[in-house]
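Student: Residue-level listing of the chains:
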Amino acid sequence: MAIKLTTTSIQINPAGTWDTIAPADVLEATGSAEISGNRENALAFGDGSDLRYTIKVAGPAISSIPDRMPIRASFTVDGDSVQVLNGVVVKPSRNLRNRAWVLNCEGVKGLIGTTRPHSPAFYRRPVATKTTATSVEDPANPGYRAGLINYGLWQAGGRPYGQGYIGALFYYQLDQAILSPDWSWLAGENVWEACRTLARAAGGQLYQDGNGIVRYRQPLSFADSSAVFTFTPEFYNDIDEDSPSGQQMTKIICPYVPRAARALQEVINDTTARLVRGGETIEIVLEPQWPLKSVQTATGGTQLKDEAIGATYLDGAKVAQGGGGYTHTLDISAQRIVISLTNATSRPFVVNRVVINGEPITAGEPGSTSAGSGTIERTIEQNDFIQSRTHAQRLCDLTLAFYGIARPERTLKGCKADANRSIGEVVRLTVPAWSILDEPHLIVAIRHSKIGRTCDFVLISLAGLPKTSDYYRIGSTNYSGQTLKIGF
Amino acid sequence: MAFEFDLPSTFVDDVDQIPGAADLNALIRAVITLDGLSYRPHPAFESSASADTGSYNEHASGDIRLWWGGLRYRTGMTTLTCEGSASGTTALSSISVLLNGVAAASISPSSSWSGSVDISTGYNDGDVILIELRTVGNATKTSQYLVRDIYATPVVMPTAWPGVPTFSTSYPADKMNQLTSAAQWLLDRIDAVPVPLSQAFLWRQGTHKTQTYTLFSGAIGKHFAADIWRVSANVKAMNTQEQLKFYVNGVLAATYPSALTYLPYGQTTAIYLPIDLSSISVGTRADIRIDSVVTSGHNGGINSRFQLFLNRSEAGGSGYPVASAPAFFTGNSSVAQTDLTTSLNAIASLLGSIKTRIDTNTFTWNRIRAMRRRFAQDEPQNTKLGPTYVHWRERQGRSVEVRGKNVGIGWGGTVLSMEEGKEYTYSFVRNQNVTKNDQIETQIVYFDSLPALPERTPYFLSGDVHSAIERLK
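If you're matching them up, the sequences are chains S and E in order. No gaps in the numbering here: position 89 of the first sequence is 89 in this note's numbering, and each next residue is one more. Basically this note's numbering = 1-based index in the second sequence + 1000.
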């Protein structure tokens, strides 16, 4: 067997530019990329990914490590280079005698998770919309119709892969989700966890691949990719096969909580007294009990109605809206209204009351539905984005199609490092001793050892999974004479 | 929650969007709902009640109010039309049409009179036009006036009909979205002709004398071939010989209980009576009248009492036609391309048929009818009879737009207090204020914000209601 030349490249970004650490100073790089949120089931809907690497670097190579310093790592094997880490340093440590830094790193979800944006309420939008070379991904664009996962990732600093953005914090590439909640919104949660919740509500998975791209795959796409590579016995030393007990089910139950937009009504009645000195600007942050479909504003939509803000000077006189009293700007999200209010006079006044009308999106009576029968029963976790019986039923049917049979997890151990393989890729597997021949599998984890000379591949069988090409699709494709499936 | 109308999310080309069974079934359900909505019962047009409020043939001599009510103006309306009949009128007398208190037209009374007013300018979308018809120059107590119809035309939609697609071997987004748009447009079109509320008679007093006492006069429209005239009432007869008689175009059409029997004395009788309209052409109205005919009265002077609820045209016998819709799809199931195309084209065809049906039936779908305010000649009577003539409807849609003063909504059953010789009083199990007590305003009541008011539940509006129309949306 020829000896493969492997090099490791580590880049850090302590102050806004990428610096490459000299190869001689890279002492060790070990880690893995896994779709691994649910250890019982690597095909679990919504599942996030774990990118975890430990990189040991000679001490003098790095002078300081700022909090959550961006870091990239790539392995080159026989001239083929693959980026295996695009993330942040979460726990740097060093030792005097060893004169080395040990950098514990994880993927960009550590960065994404620190972003907590607020969004408008979206009605009947797929949780993710497909990113293409021309899809509108900037929420500020008047033609914006992207999904909430798109919105959250953009706000977290991500940019769509393939649209020519340079220097983004990270890139994302998303499939079109096959299910849409009635109402979806972000209200300051951890964006990564919120996106995973959305992915669970629609089926499919959210993960960061080894190239650092954050991907959402709708569930029918798992088995739809054409495999370009087959693992045959010469590529692996050994295989462990596990069949986690928790993944199979014969009956699935899905709870839901209906949401509906209600009539225009008072949604904020804030009586906190706020003193505003002459010329001062204050920020009033209001959080309605329910997310809002809309907020009542004055004509033009950028100002509250005059009667919404009650303010008086210290002598009791009413403060007028406008240049002779107070001016204000609005930042309206589904579950937060920020009023930036400026005293345009030299006299102090007190804001006594803020009353705002809007159309709240309230929750109805919870319900549940199910699919299948039998004794192996599972319940889908309560999810704010499963809001109708129809949606819950579709998710039950989809879940049962995926988890109605057991799917073993097969770990190919001691494989040669292969720069062309990535998590989320569909490959074929042949294991003659187990009568497995060219069976499609999904790579759900790649675990590199040492400096990437060998790795383990964790695969899940895709045999029998429904796939996108089994179904009719919206578009110009001619289906004359064919018999395909209608979706869930 | 009542009246669900669910449509698929937007379809998008070339993003591997898979049309789900739920999406296609939503379109099928929408078509079924629209087909049903394109036929509907219509309340009788209310002209007048009994003599104390000026019945069609017994009223004060001198000039009287024939009719008053409200109509919600919508952008595009150009003409207000008033129609009716009259006989035995004073020579050279006329009927004055007042809009918001200002004389707008003068009509010469005849056996079939009609007049119109240009309303194309002077009104904003959503304004409620107050309409009143009064006699001018009437000098007799027995002149007969009946107001048959008051309506505005045309109905103008803000967007054009999107048409319906034809599918062959592919399913592009523009055609799929066209189905959705067509369904939504039809719902909007149907909702553009809202049904005004009508008045329930809540324990209205009749007579104790030997006489023919007119309880109601007005007109019934034959909107569809299957229509009959339906009356639902409760009668507490306090006369030993009393019958109810129902007239269509002046001809006796039904007698209750029968020509040879009388309402049971001292008992409350529930009436649910169908009256044939086969002699009436579709697209026309017939004058109707309900009389209490007493041939032996109550010596103690206690009047009979009447509750009148349903007084409308509705489907008789086998009901309105029902279109045959495609079968529902099963999720994740195989469907031949030819079958899928056939189903989608069937949906498109049904939508087109509904559009044609609406366009053809201009009598129903191109006239927005005014609502009659309480049977009363003046404000004191309007107040006194507040508990007696109450606007009502069985909930079908999602909201009711109300304009008036001191209006409340009641539902959930009534608690009745009865004392003979006096007006009955009652209260509703559930009620809520709608408009302010001291000023006229417009409010929208969303039924889902009220507890225990599902579809088919009656609700009642108390107070001074100028206009009340129920909306599907």
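In case anyone wonders, no lab produced these hints; they're calculated from the structure. Cβ atoms here follow ideal geometry from the backbone N, Cα and C, with glycine treated the same way. A hint or two may mislead.
25 Å max Cα-Cα, derived DSS-like pairs, lysine-lysine [to be verified]:
#1 S/305 x E/1436
#2 E/1405 x S/485
#3 E/1209 x E/1422
#4 E/1405 x E/1384
#5 S/293 x E/1405
#6 E/1473 x E/1384
Here are the in silico distance ranges between beta carbons for each label pair [said to hold, decoys possible]:
#7 E/1416 x S/263: 47 to 53 Å
#8 S/264 x E/1052: 14 to 20 Å
#9 S/255 x E/1452: 35 to 41 Å
#10 S/274 x E/1432: 33 to 39 Å
#11 E/1324 x S/481: 23 to 29 Å
#12 S/432 x E/1345: 25 to 31 Å
Some chain E residues judged to face chain S by a derived CB distance under 10 Å, without partners named [unchecked claim]:
#13 1013
#14 1163
#15 1165
#16 1166
#17 1170
#18 1176
#19 1178
Student: Run every hint past the structure and note whether it holds.
Tutor: Consistency of the hints with the structure:
1. The hinted pair formed by residue 305 of chain S and residue 1436 of chain E meets the criterion: a straight-line CA distance of about 21 Å does not exceed 25 Å.
2. Simply put, residue 1405 of chain E and residue 485 of chain S have alpha-carbon atoms about 58 Å apart, too far for the 25 Å limit, and the pair is violated.
3. Proximity of residue 1209 of chain E to residue 1422 of chain E is assessed by CA-CA distance (about 17 Å); at most 25 Å being required, the pair is judged to hold.
4. Among the hinted pairs, residue 1405 of chain E with residue 1384 of chain E is consistent with the structure: their alpha-carbon atoms are about 15 Å apart, no more than 25 Å.
5. Using a Cα cut-off of 25 Å, the hinted pair residue 293 of chain S and residue 1405 of chain E is violated, with the two alpha carbons roughly 30 Å apart.
6. Annotation: proposed proximity of residue 1473 of chain E to residue 1384 of chain E is violated, straight-line Cα distance about 34 Å (limit 25 Å).
7. In this structure, residue 1416 of chain E and residue 263 of chain S break the distance hint of 47 to 53 Å, their C-beta atoms being roughly 32 Å apart.
8. The supplied range of 14 to 20 Å is broken by residue 264 of chain S and residue 1052 of chain E, whose beta-carbon atoms lie about 41 Å from each other.
9. One distance hint, 35 to 41 Å for the beta-carbon pair residue 255 of chain S and residue 1452 of chain E, is violated here, with the actual separation near 25 Å.
10. Checked against the given bound of 33 to 39 Å, the beta carbons of residue 274 of chain S and residue 1432 of chain E, roughly 34 Å apart, stay inside it.
11. Our hint of 23 to 29 Å for residue 1324 of chain E and residue 481 of chain S holds, since their Cβ atoms are close to 27 Å apart.
12. Roughly 52 Å separates the CB atoms of residue 432 of chain S and residue 1345 of chain E, a value that falls outside the hinted 25 to 31 Å.
13. Taking 10 Å as the C-beta contact cut-off toward chain S, the hint placing residue 1013 of chain E at the interface holds, the least distance being around 5 Å.
14. For residue 1163 of chain E, the suggested interface contact is broken, since its CB lies about 19 Å from the closest CB of chain S, more than 10 Å.
15. Checking residue 1165 of chain E against chain S: minimum C-beta separation of about 13 Å lies over 10 Å; hint violated.
16. Restraint check, residue 1166 of chain E versus chain S: the minimum CB separation of about 15 Å is more than 10 Å; hint violated.
17. Proximity of residue 1170 of chain E to chain S holds as hinted, the smallest CB-CB distance being about 5 Å (cut-off 10 Å).
18. The closest approach between the C-beta of residue 1176 of chain E and any C-beta of chain S is roughly 6 Å, which is under the 10 Å cut-off, so the hint is satisfied.
19. The criterion of a C-beta within 10 Å of any C-beta in chain S is not met by residue 1178 of chain E, whose closest approach is roughly 13 Å, and the hint is violated.
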